Amino acid sequence: MTDALVSLRGIVKHFGELVAIHDATLDIKPGEVHALVGENGAGKSTLMNILYGLLPPTSGAVVLRGKPVSFGGPAEAIAAGIGMVHQHFKLAPSFTVAENIILGAEPALSGGRLDLRTAERDTGDLSQRFGLDLDPRAIVSTLPVGLRQRVEILKALYRQAEILILDEPTAVLTPQETAELFITMRSLAKSGRSVVFITHKLREVLAVSDRISVMRQGRIVSTLDNSEVTADQIASLMVGRTVLLRVAKTEAKPRGGPTLEISNLSVSGDRGTPAVEDLSLTVRPGEIVGLAGVQGNGQDELVESIAGIRRSTAGRIAICGTVPTVGDPVASRRAGLAYVPADRAHVGLSLQSSIWENMAVGHLSAFRKGPFLAAAAARRRCRELIKRFDIRGAGEMTPAGALSGGNQQKVQLARELTRDARLIIAEQPSQGVDIGAIESIHRLLVAMRDEGRAVFVISADLDELMSLCDRLLVIYRGRIVGDIAAADADVEEIGRLMGGSNTDDQAPTRQEAHA
Amino acid sequence: AAEAKMKVAMITSESGLGDKSFNDMMNEGMKKAQADLGIEFNVIQPRSISEFQSTLARAAGQGFDFIVGSSFDMIKPMQAVAKAFPNQKFGLVDVGPDPIAPNVVSSVTKDWEGSFLVGAIAAKTTKTGTIGFVGGKDIPIIHRFYIGYYYGAKMADPKVNVLESYSGTFTDPAAGKEYTLGLINQKSDINFAVAGATSAGVIDAAKSTKTFAIGVDSDQNYLAPGFVLTSMMKRVDTQAYDMIKSVSDGSFKGGTVLYYGLKEGGVAAAMDEYNKGLISDAVLKQVDELKAKVISGEIVVPNYFDLAPGQKEMGTPPMATPPSVADKK
Amino acid sequence: MTDRAAPRPHPVLPRLLRAVGPPLFALVVSFGLGGLLMAVLGKNPFTVYAVLLVGSLSGWPNLAVTLQLTTPLIFTGLAVAIAFRSGIWNIGVEGQMLMGALAAGIVGYAAPLPDWAMVPACLLAALAGGAAWAAIPALLRAYIGVNELVLCLMLNPIALLLTGYVSARVLKAPGPTNKLPDVVDAARLANFSLYSQLNTGIFIALACCALMALFNNGTVRGFEWKLIGLNARFANYGGIRVRRNVIGVMLVSGAIGGLAGAEQVLGVYGAFYDNFSPGYGFDGIAVAMLANSSPIGVLFSAFLFGALNSGSSVLQMELGISKYLVQVLQFIVVLILAARFTFSWRGWRRPLVASAPAVTLPMTLPAEQGTTEA
Amino acid sequence: MLSDIAFSSIRIATPLVFAALGGLYTFQAGILNIALDGFMIVAAFAAVGAAFATGSLTMGVLAGVLASMALAAVLALFNLRFRAHIFIAGIAVTFLAYGLTALLLKAIFDQDGVFASAAIPVFPALRIPGLADLPVLGPLLSGHTLLVYVAYLAVPVVAWTLYRTRWGLRVRMIGEAEDAALAAGVNVDAIKLQTMVISGFFCGLGGAYLSLGYVSLFAKQMTDERGLIALAAIFFAKGRPVATTLVALMFGVATALAVRLPQITGTAPQLLQIIPYAATILALVIVGIRANRSSTQNGWRFDT
Ligand SMILES: Nc1ncnc2c1ncn2[C@@H]1O[C@H](COP(=O)(O)OP(=O)(O)OP(=O)(O)O)[C@@H](O)[C@H]1O
Ligand SMILES: Nc1ncnc2c1ncn2[C@@H]1O[C@H](COP(=O)(O)OP(=O)(O)OP(=O)(O)O)[C@@H](O)[C@H]1O
Ligand SMILES: [Mg+2]
Ligand SMILES: [Mg+2]
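The listed protein sequences derive, respectively, from chains A, B, C and D.
Quick note: the first sequence, position 80, residue 80 per the numbering used here, numbers continuous.
Quick note: the second sequence, position 119, residue 119 per the numbering used here, numbers continuous.
Quick note: the third sequence, position 27, residue 27 per the numbering used here, numbers continuous.
Quick note: the fourth sequence, position 142, residue 142 per the numbering used here, numbers continuous.
The set of hints was computed from the structure by calculation and includes no laboratory data.
Computed from a predicted structure; not experimentally measured.
One or more hints might be untrue.
Covered stretches of chain C (chain D as the covering partner; in silico rule of three or more C-beta atoms under 8 angstroms from a C-beta of chain D) [as the list claims (entries may be wrong)]:
| id | region |
| --- | --- |
| 1 | 197-211 |
| 2 | 285-294 |
| 3 | 324-337 |
Across the chosen pairs, the derived CB separations fall in these ranges [as the list claims (entries may be wrong)]:
| id | chain 1 | residue 1 | chain 2 | residue 2 | range |
| --- | --- | --- | --- | --- | --- |
| 4 | D | Thr265 | B | Lys276 | 27 to 33 angstroms |
| 5 | B | Lys7 | C | Asp185 | 34 to 40 angstroms |
| 6 | A | Glu76 | D | Ala125 | 19 to 25 angstroms |
| 7 | A | Ser280 | D | Ala291 | 30 to 36 angstroms |
| 8 | D | Gly55 | A | Gly112 | 47 to 53 angstroms |
Glycine included, each C-beta is placed from N, C-alpha and C at the ideal position.
Please model the entire structure based on the sequences and the hints provided.
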């Protein structure tokens, strides 16, 4: 292709004996939003890391504006006009937005003096120009995920990126945030830049992209125009079979007293400010309750205090009728909790440890022979779970860090969902998981429900919540502001509640995004 | 001599060479013997007391004609090794009065007598009526210097005020200087340094405050000409030399203990071009009288090791023990 | 499923090379550098190395000395390794050793016990002494969050001064040195040879290594302690009691440090001597790091240190070489062994995408452990 | 008495301040630099050597600084290029430095422990005109040697480079989020190397001060673990320049007290010499308790 801004030609990438990318070829045209989809472990991130110079390809060529290039590192890729926003943000939390954006390309006065005023003005202007309003002086750690992502995007734009790679940017965004991101992506495309957009949410693919490339087993199996495909077609291209995009489940039959009962709970956040205030809720056996809310309204603090990772300042938490010691994870677990955290990199997994070790934690009593650890048994069980949860590209000895994002998520799920726990709390359960896997995860959660366990799901993805849950709670500023049966839930209303009643945001449609 | 050179092994204490004290002095003795008697010698520096015995034993296996060490802590190891190698000649300098083994000659340095001498000089020379003492670690050997110094000072001038302090290190000149300045700030204008390498800091302090320091063990007058009043020389070098000589001329007698005091010239106050005129002749005269009395036995300078715990007075003529001694013992 | 290339089983030789190669290479390089230095100082490197080798290894006397000097380093190295494996910066082993030694020294001469009970009592006292001293940083770290590294830096000199005070002013044995009275014969660990104070303590050291290896790889606690080192947040989330376990780690580490003291007092000196340690605690840090915190590795690196120290005195005896030359050589070896030569001299660049690290040590500043989420 | 204590506190703290300023840069860049003592000892040696040979203090200080920076570069090479763990590499470099200086002391000056000579120039005490006449402060602030003033005047400069320059921003960001800096295309290794060499520079001044300003002589291991104290001060103050300096000063005051108390109290020296360390721990605990109050984490504090 001559009109390609950048093209990847016959890229191959080996990790030891594992072949992650198999002769992949991809063309990115100027001014297009190019969606890249595929199962977990298909090779999307790896392929983009190669384009961004983070990984050297084993073989194959990157051709930029007709000239073959090979990047020694991100610096060179950046210089060539390529920017990337990773699955895990790369920001310095205790620094300001401006400082993070200008890092590496700082404006300076004579004598190397840092010119913060210019920096803040420029970043301010930039964010205005692309409609990503941000306070340049805000400390990153105080920002909700959506805004942190804007910082990442602005970082790339600040360096005049012609090609912007977004690796699963919407995984943790609320519908509002997603909508805003899409508008940004379109305006970038209109200004002649190219956007590569990795996602697992087909509706988003159709909503925002011009062309769609599907990866499977390290190959680009096909590249199509948005207009000529439907979600189901893409799905079957990815997985090689047709998948149900909605969860099939029966009416919930809650029975017995509440498994999780929270009354008048107050929790304060990292900086001592109240995050959850006088909050009460119950989850009963045999129902799936969803917690909807804009990121940063106290969800994290709420869940952490249930799990005993954070101390509550007031109120009562009861799991299976017992009240675990405040701030004691072991107590919460003993009371019968299984918990899938959102931050798998730092809380949910030990990336340096092997998969079997990651899976043994929390089940140690099962693998305990007196003081000794029955490692063989733990490995055997791990192998079974790897099969059962279809965790790809790894054996039980592989370090968890070597897994693809989605497969890491599956490791957490496999570990927690197999605890014989009465209460299951899942934060962003399908975060970074491909549609095939989402389907099975949802089926699993529904099965758990039908066994009479209580399931509590926290997700930024309204669609997921609405299709999965029996009951929806809406949290705003640390309080429950809505309790709706999923059956008669309506996006507009929930959106309004999430925004503190006065917003009218809603999930984007194709027209809006393109407008 | 035509026959093979005599080989000597010198084993330092754990503080090793560079202590500006008995180890270095012994080393001097070696060099002298090398020059005069044409011996060969190797210096061995164990890292800790725990290596004394193994070092001695290995040296005994190496076929040295003579193995000489120093430090009280080497007594027990040397006894063990000497027993195992009855034909090996050993020497141990600067230790106690008790014989060590049939094949070991040992020596006692009466450094308390030397300290007595410089104490007297200090007391006679001070303008402020206050003199000081900077020890290294708070250990008995150092106390032995202090008691002698104190006794000499009081003997020369009962009203003189003697300040005692310990820097807690033998290797940190800066600390030595800091402690000395502390004393000087309390009016002391002459400070006796008994602190290994730390002493260098004491002398440095004298230089920078235009007061006097008194060196120890070797002649340290040259370190700061005009500011080192004198040095209490402890002739460990002659001790080592004499022992080697006895071996080379066949007069070596194991099991004997040699004494090196004022009488034997084993200790002395160094006088050379560097401290010429710092001490007035009048003072020198009075000090020489005291020295004579010590040699004649009229004055018995107390040895710290002989003082009983809490002993009220010491030596002849009697004198009250300094308060710090009683609780230390 | 990303398919795998046809599995090509590695032939044995390359794999062997990969295992033995780097350390071997390191030794060669460092001895090369050392040789250069000697040549500059006018010594013949080859004779020096020959003497070093003979003087540390050949013949029972030399070997006995080497083993004597190895023993305390096994204890201290092990103590440090235990802590590092759990991401705890216990560089206070020197102080813990002193306290263990003092405890053993006191019980050893003062306890009115039947002979058979003396040694066990002293060892227990040493364990307690070391653990007690380690408890200070452990508790302050666990309950107040004071950085343990700073605490250890302060507590080492304090331990030295305190034990110095006790042996100079409180329990001093009459005589010219600051030491406690000799321990009773029943409390002594038997020596084997005139040539060294090598004593039965070495068997205790070996036992500790074996136990620790078993503990690390075989027990649930060992598993939990490793996990705490790799990701404390995850361990805490997973229901491992981090605070309780970290205190445990520190106490065990300190206790073993205390044993190092007991071995010196009961086996080598026969009494507590003020300031007896030439820095075994600090050497222990290097030993543990070279061993990559593995108990078996500690055996080897401790032996390397012991051999170099033992060879040192022979070099001084036979060639009149200064001990500092040997010290320099010793730490060139450490430096080179610590280096992870990629053998690819082109790549200045680090691996950019995280893969499992080769070292299980606290890689981050203690100040930064677990505070990296964006 | 009091003003004397204050005066000597300033003097005692000076080498700590120099070492600490050096350690600050590496600390801020996320490097645990344990080799400050090693840097200082080579500097102390080189400084005395050069000053003795040339009779010039300038040459002495220059030589000290260069030697220290060279050693720092070696450490950086092993840590950054050969990926040796910084901590063990630091320990090795330090003991290498102790050994080498002792060797050279013998080889060059034929001395085993101490090299002192009347030929070594001495930094004169400076009487600062305006300052000296101040009522209370005059006697404490005036009359120090040049390097003392350099040390304390360097503090704001260091703070400026870290917080006001482009380079300083990169250093601090590397310390907090190395991956972010890498992804932003910052040459992390280059900057780490620079911080290491700069700590070499300040430790060089510290060593030169020890051997030419504090005293005028070299003694093997004369740094006496001042580098470790400095490191402790840095951690204590979480790398903030002014706070770090204050901690160093606190240590200086405590030491000055410990030096003067024996004549007053007659207590055993060992117990008095504990004071500076004990005081530091006490201060740490007080600060820690304060910080704990504000923390909402459960049981274990991950962030100290
Ligand atoms: N550093 C690594 N070492 C070894 N294997 C790796 C490494 N990084 C990725 N892989 C493997 O390469 C394959 C592709 O991983 P990649 O992260 O590109 O998948 P992905 O398409 O991004 O999946 P996801 O949608 O879950 O993010 C996976 O099998 C993964 O296990
Ligand atoms: N799902 C569960 N329901 C009830 N009890 C449980 C459950 N899972 C674990 N436990 C119990 O809770 C305790 C802690 O479980 P876990 O296995 O995580 O910790 P452990 O390592 O066995 O014990 P510890 O954390 O005290 O070392 C164990 O005693 C176990 O019996
Ligand atoms: Mg990915
Ligand atoms: Mg557990």
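Status of each hint after checking the structure:
no. : hint                                    : in the structure
1   : 197-211                                 : violated (count 0)
2   : 285-294                                 : holds (count 4)
3   : 324-337                                 : holds (count 9)
4   : Thr265/D - Lys276/B: 27 to 33 angstroms : 40 angstroms, violated
5   : Lys7/B - Asp185/C: 34 to 40 angstroms   : 37 angstroms, holds
6   : Glu76/A - Ala125/D: 19 to 25 angstroms  : 56 angstroms, violated
7   : Ser280/A - Ala291/D: 30 to 36 angstroms : 32 angstroms, holds
8   : Gly55/D - Gly112/A: 47 to 53 angstroms  : 37 angstroms, violated
Violated hints, in rising order: 1, 4, 6 and 8; the structure is consistent with all others.
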